[in-house]
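A.B. asks: Working from the sequences, and respecting the hints, build out all of it.
Protein chains in written order, with the numbering used here: chain A, 1 to 156; chain B, 1001 to 1156.
FYI, nobody ran anything at the bench for these hints, they're computed from the structure. Be careful, since some hints might not be right.
[As the list claims (entries may be wrong)] Take a look, some chain B residues computed to stay more than 10 Å from chain A by CB distance:
1) Thr-1009
2) Phe-1024
3) Glu-1051
4) Val-1140
[Stated by the list, open to error] Below, a sample of chain B positions facing chain A; criterion: calculated Cβ distance under 7 Å:
5) Glu-1015
6) Gly-1060
7) Asp-1091
8) Asp-1093
9) Lys-1126
10) Lys-1139
11) Asn-1152
Glycine included, each C-beta is placed from N, C-alpha and C at the ideal position.
2 protein chains.
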Amino acid sequence: MANEFAARTSVEQVEEGAELAPKFDADGLIPAVTTAAETGELLMVGYMNAEALRRTIETGEAHYWSRSRQVLWHKGATSGLVQKVVELMIDDDQDCVWLKVSVAGNGASCHVGYRTCFYRRVPLGKNASKALEFTEKEKVFDPKVVYGDAPNPTKL
Amino acid sequence: MANEFAARTSVEQVEEGAELAPKFDADGLIPAVTTAAETGELLMVGYMNAEALRRTIETGEAHYWSRSRQVLWHKGATSGLVQKVVELMIDDDQDCVWLKVSVAGNGASCHVGYRTCFYRRVPLGKNASKALEFTEKEKVFDPKVVYGDAPNPTKL
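C.D. replies: Okay, structure coming up:
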């Protein structure tokens, strides 16, 4: 597929310019960091190919490339939890995007059923406990009800 | 190098367990999303290898793996802008970490000189302007003064 974005011609253009010239990796993907516009909470980190980025820009709704399912992924198409993009930012070297989103429905963004994918804390320090600490006690939804028998995207 | 973290044995262990069992990619890396603890602002997205993650946990200061320089990178070693980790989170399938940090010095985290790496907005909508909008007008520091002749990490 043709890459419809600007070609990357110089460090100055990429870092200081006004042209959108994203860098896709060897798999044609760019990481996308998604936070809740209201709270700043990190909801998820996904990946976009050029088409997902273009559709996100055009529709104002988050689209990703699902690496586990290998399909274009309109987030919320199954669960109803569409992410409306309030603001889309790109970083200095244009190899990462940041979506500030407002989530429809119950506000959950994690396929396990929690509000955010980041529901466990890693204790810090040389002698810290090795046990992760849960920061969300209860799930927002039951993934079995929402996703049924669809395969779990988590890979070992 | 031996991976000192727990082996990944089941989806349930990874998603619902208290064991830190991070998934490093084919290059031995895991993406790290770093936000300002005070404001929730996204500062940068970096990568860690197992050693960088271990050192971050042990010291409470952010360590990354520099893909452009191919070295372990104690953030702030050159610039003085050390990132003190206030909270470290891991995501559902444990293939991404989230650092909430407090930044020393002038609070900048971007090698271009801005406070955050995400200083440009992508306009949304089918007929939106193609021009990126700068959301930071002035640099916090002059990268030439701080980094001198060190090679720019941005790659085309």
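A.B. asks: Under the constraints set out in the numbered hints, which ones does this structure not fulfil?
C.D. replies: Hint check: 1, 10 fail, others pass.
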